[in-house]
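Student: Here the structure of chain A is known, so what remains is to put chain B in place on it, guided by the hints.
Protein chains in written order, with my numbering: chain A, 1 to 278; chain B, 1 to 556.
Heads up, a few of these hints could be off.
What the hints assert, rightly or not - Derived DMTMM-like pairs: lysine to aspartate or glutamate, alpha-carbon spacing no greater than 25 angstroms straight-line:
1) B/LYS504 with A/ASP180
2) A/LYS60 with B/GLU496
3) A/LYS60 with B/GLU423
4) B/LYS194 with A/ASP62
5) A/LYS60 with A/GLU71
6) B/LYS187 with B/ASP110
7) B/LYS504 with A/GLU71
8) B/LYS194 with B/GLU519
9) B/LYS194 with B/GLU530
10) B/LYS504 with B/ASP110
11) B/LYS194 with A/GLU261
12) B/LYS504 with B/GLU530
13) B/LYS504 with B/GLU519
14) A/LYS201 with A/ASP180
15) B/LYS504 with A/GLU77
16) A/LYS272 with A/GLU185
17) A/LYS272 with A/GLU261
18) B/LYS504 with B/GLU524
19) A/LYS272 with A/ASP180
20) B/LYS187 with B/GLU524
21) B/LYS187 with B/GLU530
22) A/LYS201 with B/GLU458
23) A/LYS201 with A/GLU185
24) B/LYS194 with B/ASP110
25) A/LYS201 with B/ASP71
26) B/LYS187 with B/GLU496
27) B/LYS194 with B/GLU458
Stated by the list, open to error - Some chain A residues well away from chain B (every beta-carbon gap over 12 angstroms; in silico):
28) VAL4
29) TRP9
30) VAL91
31) PRO223
32) ARG232
33) LEU273
The set of hints was computed from the structure by calculation and includes no laboratory data.
No residue lacks a Cβ here, since even glycine has one placed at the ideal position from N, Cα and C.
Each chain is listed here by its residues.
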Amino acid sequence: MILVLGGLWIGQNINLLPVDASANAPVYDELFRVLFSIGTILFVGIVGLVVFSLVRFRRKPDQLGDGLAIEGNLPLEVFWTAVPAIVVLFVGLYSYDIYDRMGGMTPLNHGMDHGGMQHSAADHKAMEGMDESDAMAGRVWGGIGNGSAISTSAENAVAAVPIEVTAMQFAFLFRYPQGDFISGELHVPAGQPVSLRMEAKDVIHAFWVPEFRLKQDVIPGQPTVLNFTPTRPGTYPIVCAELCGPYHGGMRSSVVVEEPETYQAWFNANNKLNVADA
Amino acid sequence: MTVSLPPQSEQHTPSLQPTGWLRYFSFSVDHKVIGLQYLVCGFLFYLIGGALAGAIRTELASPMSDFMPRDVYNQVLTLHGTVMIFLWIVPVVNGAFGNYLIPFYVGARDMAYPRLNAVAFWLIPPAGLLLISSYFITGAAQSGWTAYPPLSITTPASGQMIWILSVLLLGGSSIFGGINFIATVLKLRRPGLKLMQLPMYCWAMLGTSILVVLSTPVLAGTLILLSFDIVAHTGFFNPGLGGNVVVYQHLFWFYSHPAVYIMVLPAFGLVSEILPVHCRKPLFGYATMVYSIMAIVVLGLVVWAHHMFTSGTPPWMRLFFTIATAFIAVPTGIKFFNWLATLWGGRISLNSAVLFSCGFIVNFVLGGITGVALAQVPFDVHVHDTYFVVAHFHYIVYGGTVFVIFASIYHWYPKVTGRMLNEPIGRLHFLLTFIGFNLCFAPQHWLGLNGMPRRVAEYDPQFAFINQISSVGALLMAISTLPFLWNVVASAFNGEIAGDNPWKALTPEWLTSSPPPVENWVGEAPLVEEPYGYGVPIDQIDLKATSGRDLWSSGK
Numbered sequence: 001m002i003l004v005l006g007g008l009w010i011g012q013n014i015n016l017l018p019v020d021a022s023a024n025a026p027v028y029d030e031l032f033r034v035l036f037s038i039g040t041i042l043f044v045g046i047v048g049l050v051v052f053s054l055v056r057f058r059r060k061p062d063q064l065g066d067g068l069a070i071e072g073n074l075p076l077e078v079f080w081t082a083v084p085a086i087v088v089l090f091v092g093l094y095s096y097d098i099y100d101r102m103g104g105m106t107p108l109n110h111g112m113d114h115g116g117m118q119h120s121a122a123d124h125k126a127m128e129g130m131d132e133s134d135a136m137a138g139r140v141w142g143g144i145g146n147g148s149a150i151s152t153s154a155e156n157a158v159a160a161v162p163i164e165v166t167a168m169q170f171a172f173l174f175r176y177p178q179g180d181f182i183s184g185e186l187h188v189p190a191g192q193p194v195s196l197r198m199e200a201k202d203v204i205h206a207f208w209v210p211e212f213r214l215k216q217d218v219i220p221g222q223p224t225v226l227n228f229t230p231t232r233p234g235t236y237p238i239v240c241a242e243l244c245g246p247y248h249g250g251m252r253s254s255v256v257v258e259e260p261e262t263y264q265a266w267f268n269a270n271n272k273l274n275v276a277d278a
Numbered sequence: 001m002t003v004s005l006p007p008q009s010e011q012h013t014p015s016l017q018p019t020g021w022l023r024y025f026s027f028s029v030d031h032k033v034i035g036l037q038y039l040v041c042g043f044l045f046y047l048i049g050g051a052l053a054g055a056i057r058t059e060l061a062s063p064m065s066d067f068m069p070r071d072v073y074n075q076v077l078t079l080h081g082t083v084m085i086f087l088w089i090v091p092v093v094n095g096a097f098g099n100y101l102i103p104f105y106v107g108a109r110d111m112a113y114p115r116l117n118a119v120a121f122w123l124i125p126p127a128g129l130l131l132i133s134s135y136f137i138t139g140a141a142q143s144g145w146t147a148y149p150p151l152s153i154t155t156p157a158s159g160q161m162i163w164i165l166s167v168l169l170l171g172g173s174s175i176f177g178g179i180n181f182i183a184t185v186l187k188l189r190r191p192g193l194k195l196m197q198l199p200m201y202c203w204a205m206l207g208t209s210i211l212v213v214l215s216t217p218v219l220a221g222t223l224i225l226l227s228f229d230i231v232a233h234t235g236f237f238n239p240g241l242g243g244n245v246v247v248y249q250h251l252f253w254f255y256s257h258p259a260v261y262i263m264v265l266p267a268f269g270l271v272s273e274i275l276p277v278h279c280r281k282p283l284f285g286y287a288t289m290v291y292s293i294m295a296i297v298v299l300g301l302v303v304w305a306h307h308m309f310t311s312g313t314p315p316w317m318r319l320f321f322t323i324a325t326a327f328i329a330v331p332t333g334i335k336f337f338n339w340l341a342t343l344w345g346g347r348i349s350l351n352s353a354v355l356f357s358c359g360f361i362v363n364f365v366l367g368g369i370t371g372v373a374l375a376q377v378p379f380d381v382h383v384h385d386t387y388f389v390v391a392h393f394h395y396i397v398y399g400g401t402v403f404v405i406f407a408s409i410y411h412w413y414p415k416v417t418g419r420m421l422n423e424p425i426g427r428l429h430f431l432l433t434f435i436g437f438n439l440c441f442a443p444q445h446w447l448g449l450n451g452m453p454r455r456v457a458e459y460d461p462q463f464a465f466i467n468q469i470s471s472v473g474a475l476l477m478a479i480s481t482l483p484f485l486w487n488v489v490a491s492a493f494n495g496e497i498a499g500d501n502p503w504k505a506l507t508p509e510w511l512t513s514s515p516p517p518v519e520n521w522v523g524e525a526p527l528v529e530e531p532y533g534y535g536v537p538i539d540q541i542d543l544k545a546t547s548g549r550d551l552w553s554s555g556k
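Bound conformation, chain A alone (with noise of 0.2 angstroms):
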């Protein structure tokens, strides 16, 4: 009873995460304390039962005879192998709610129309500025947030900003289609949906933002689409995650979450198009 209360308390208190910078990270956070309480009360209790086991059975110098001749308890079995499949059914369909509510469960292809929906309707330059070869593949890849979930807050809100992110060995670049240009910095604003498409020129690569607790592989050969929100205005690493050759170390690039007046000069400032177009 001291190790379930000490370790929801460990787990609701305990404190390993970089700050939460996006819609998805505090949801995140939710399932880390759920799956650390649980990971505490199971590890300390195992490690008492063997470190008790270890002193209290411990040979003594006059016992010369055996230990108990237990073969084994059905009962006692059973249980211990229902709760942890309970423990893990729970565990799991927690994670797929978890999941759900941070946009992944939507089909591909579902989450392929909207997207291009969305891009028409912001702009009809960001489909002409589409590499052709995404539109022959046919098939865009849907990371985490993709689709739906995104759409339905962005419906009453504004939509999605579009930026096109390609991965080389060994830097990003962030092409706003909206403005036209090429940045090696990404610049989001605060509170507005954002729907990154991502392509890789030469290797796979791996697009991490720790503070978004979200993370994409850029892979050759397959555009793949990752929507976000961000939230907490502040400059955040993005890191590559997929060894990608010798310099994998140094790719690396940071995100600018800036709030959306900041946001809107940075971008007037670098726009090549007309500022009526944008």
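Tutor: Below, chain B without anything else, positioned relative to chain A:
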């Protein structure tokens, strides 16, 4: 270790095989010789892999890439992974202990196919030397032990080809061994010995060998296709030629996830042998142990895509593999609870073998918990390919399997050499290894959660301190090998004479001389129907000699 073994008792009968120390360097067909060949050869490669790990931790002691060039760093991490998996853990937990013990356990004089067995071993040294020499000749492979294309296609081809060739040889060795174990366990049992009377390690090896035979050919095929892509410029996995890189990942992990069970199931079996002997109690829940091994085998084949949650896999696949992966925790949990129940109420000798086994339980439980967490897609999306994963799998393969290998060496050394290992030095070895291991890998969980990806030579300076702690742990692990090596070498000459059965064990390998004769037993093989028949039945407890707490705990 090999050369330090005492010479066999004089055999004056003429022999076609070399006798004495020379047989350990020969194409011997004796399963005991082959087992030791596997063990010593594997340990030498472990020292090489450990040196490579030392190089990695030295590089990571500072956030800059300053110890070695970046491409050399990638070669080192590729070699470290490949050597540790394919040349140390897989050959030792399967080949070494399997060959030494399985014929004893089934009551046979040798393995089913002795020559195939020798071939399987003799594939390993050339393959290992090939792999390591590639570093000096052309530069080793740089794409990690996973060799994901397109990186493996675009990095220097010669190193990658040598890597593929040596992994194919090692995979072949593994398949030969697997076939041999299946045949031996199923067909070479002594008449009268039923399957459900076999020691647990036989079941573990049967399950492991099924996995080896089913999944290793898939890796071989995949690597052959990859080599075509490299040398013949075919386009199986080359997106520039219409290939698909994710297909490679599916095929690779179809082998390489079961490979985890190929590395830990034999370790589970070995722990099941060691604990009952030293706790003087029967193995708790024999039947459920067998069923859980088989459940792990079946589930282990259908979880591979959890390595690919960020690779653009379809959502249904993510859901399926999450649930399947998490469910492996159930049979694994059964095994751990059974070991705890085996400890409970025992008369536990706190020797090095038991300490390493319990260290294994503690480490593996932590690795298992992080494993269930990693199976959850949303969790994995954050920590995939980070140091969290590095910490997780080192808790499984080092904290799990390597601890068991050490436990097994302490347990079976008296049988193999006829002499005991030095117990205080053994405990010192355990203490150094346990502290060093946890100091090295526990902080890496935090590193991964906070944004340090794996396989990097340089990193964000804010992680420098934790990385230095980790490197100190690695140094401690390196130091811990020294007392072990001293112990093993010195005890072979000066160790206390062990006698045939120093642990008073019941399994058949102890019912012969130490070291055993070539034919395993002089005379007929013993029929052991109850390999775990230790302990006093509850109704025979002498009430005067036991305390109330003993009775209470026996009522559990």
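Student: Each of the hints needs a verdict: does it hold here or not?
Tutor: Results of checking the hints against the structure:
Under the criterion of a C-alpha separation no larger than 25 angstroms, the hint pairing B/LYS504 with A/ASP180 is inconsistent with the structure, at around 80 angstroms. A C-alpha spacing of about 22 angstroms is found between A/LYS60 and B/GLU496, which places the hinted pair at or below 25 angstroms, so the restraint holds. Straight-line distance between C-alpha atoms of A/LYS60 and B/GLU423 comes to about 17 angstroms, which keeps the hinted pair within the 25 angstroms bound. Distance restraint check for B/LYS194 and A/ASP62: the Cα-Cα separation of roughly 38 angstroms exceeds the 25 angstroms cut-off, and the hinted pair is therefore not satisfied.
Annotation: proposed proximity of A/LYS60 to A/GLU71 holds, straight-line Cα distance about 23 angstroms (limit 25 angstroms). A hinted pair counts as satisfied when its Cα atoms are at most 25 angstroms apart, and B/LYS187 with B/ASP110 qualifies at roughly 12 angstroms. For the suggested pair B/LYS504 and A/GLU71, the alpha carbons sit about 19 angstroms apart, so the restraint of at most 25 angstroms is met. This hinted pair checks out: B/LYS194 and B/GLU519 have alpha carbons roughly 22 angstroms apart, not beyond 25 angstroms.
Note on B/LYS194 and B/GLU530: the hinted pairing holds, with a Cα-Cα distance of about 11 angstroms set against a maximum of 25 angstroms. Among the hinted pairs, B/LYS504 with B/ASP110 is consistent with the structure: their alpha-carbon atoms are about 24 angstroms apart, no more than 25 angstroms. With a C-alpha separation of about 78 angstroms, the suggested pairing of B/LYS194 with A/GLU261 is violated against the 25 angstroms cut-off. With a CA separation close to 14 angstroms, the supplied pair B/LYS504 and B/GLU530 stays within the 25 angstroms bound.
Between B/LYS504 and B/GLU519, the direct Cα distance comes to roughly 22 angstroms. Compliance with the 25 angstroms bound is thereby established for this hinted pair. For the hint linking A/LYS201 to A/ASP180, the alpha-carbon distance of about 20 angstroms falls within 25 angstroms, and the restraint holds. A threshold of 25 angstroms between alpha carbons decides the hint, and for B/LYS504 with A/GLU77 the separation of about 28 angstroms lies outside it, so the pair is violated. With a C-alpha separation of about 17 angstroms, the suggested pairing of A/LYS272 with A/GLU185 holds against the 25 angstroms cut-off.
A threshold of 25 angstroms between alpha carbons decides the hint, and for A/LYS272 with A/GLU261 the separation of about 19 angstroms falls inside it, so the pair holds. A hinted pair counts as satisfied when its Cα atoms are at most 25 angstroms apart, and B/LYS504 with B/GLU524 qualifies at roughly 20 angstroms. In summary, the hint linking A/LYS272 to A/ASP180 is supported, as the alpha carbons are separated by about 6 angstroms, within the 25 angstroms threshold. Straight-line distance between C-alpha atoms of B/LYS187 and B/GLU524 comes to about 18 angstroms, which keeps the hinted pair within the 25 angstroms bound.
A distance of roughly 20 angstroms separates the Cα atoms of B/LYS187 and B/GLU530; the hinted pair therefore holds under the 25 angstroms criterion. For the suggested pair A/LYS201 and B/GLU458, the alpha carbons sit about 23 angstroms apart, so the restraint of at most 25 angstroms is met. Pair hint A/LYS201 plus A/GLU185 holds up; C-alpha atoms about 18 angstroms apart against a cutoff of 25 angstroms. For the hint pairing B/LYS194 with B/ASP110, the CA-to-CA distance comes to about 19 angstroms; that is within 25 angstroms, so the pair holds.
Restraint check for A/LYS201 and B/ASP71: satisfied, since their Cα atoms lie roughly 20 angstroms apart, inside the 25 angstroms limit. Simply put, B/LYS187 and B/GLU496 have alpha-carbon atoms about 38 angstroms apart, too far for the 25 angstroms limit, and the pair is violated. Proximity of B/LYS194 to B/GLU458 is assessed by CA-CA distance (about 57 angstroms); at most 25 angstroms being required, the pair is judged violated. Its beta-carbon lying about 16 angstroms from the closest one in chain B, A/VAL4 satisfies the requirement of being farther than 12 angstroms from that chain.
Residue placement check: A/TRP9 keeps its beta carbon more than 12 angstroms from all beta carbons of chain B (closest about 18 angstroms). A beta-carbon of chain B is positioned within 12 angstroms of the beta-carbon of A/VAL91; the least distance is around 6 angstroms. Not every Cβ of chain B is farther than 12 angstroms from the Cβ of A/PRO223; the closest lies at roughly 10 angstroms, contradicting the non-interface assignment. Annotated as non-interface, A/ARG232 keeps its C-beta farther than 12 angstroms from every C-beta of chain B; the closest such distance is 15 angstroms.
At roughly 31 angstroms, the least C-beta separation between A/LEU273 and chain B is larger than 12 angstroms, which holds for a residue marked as non-interface.
Hints 1, 4, 11, 15, 26, 27, 30 and 31 from the earlier list are contradicted by this structure; the remaining hints agree with it.
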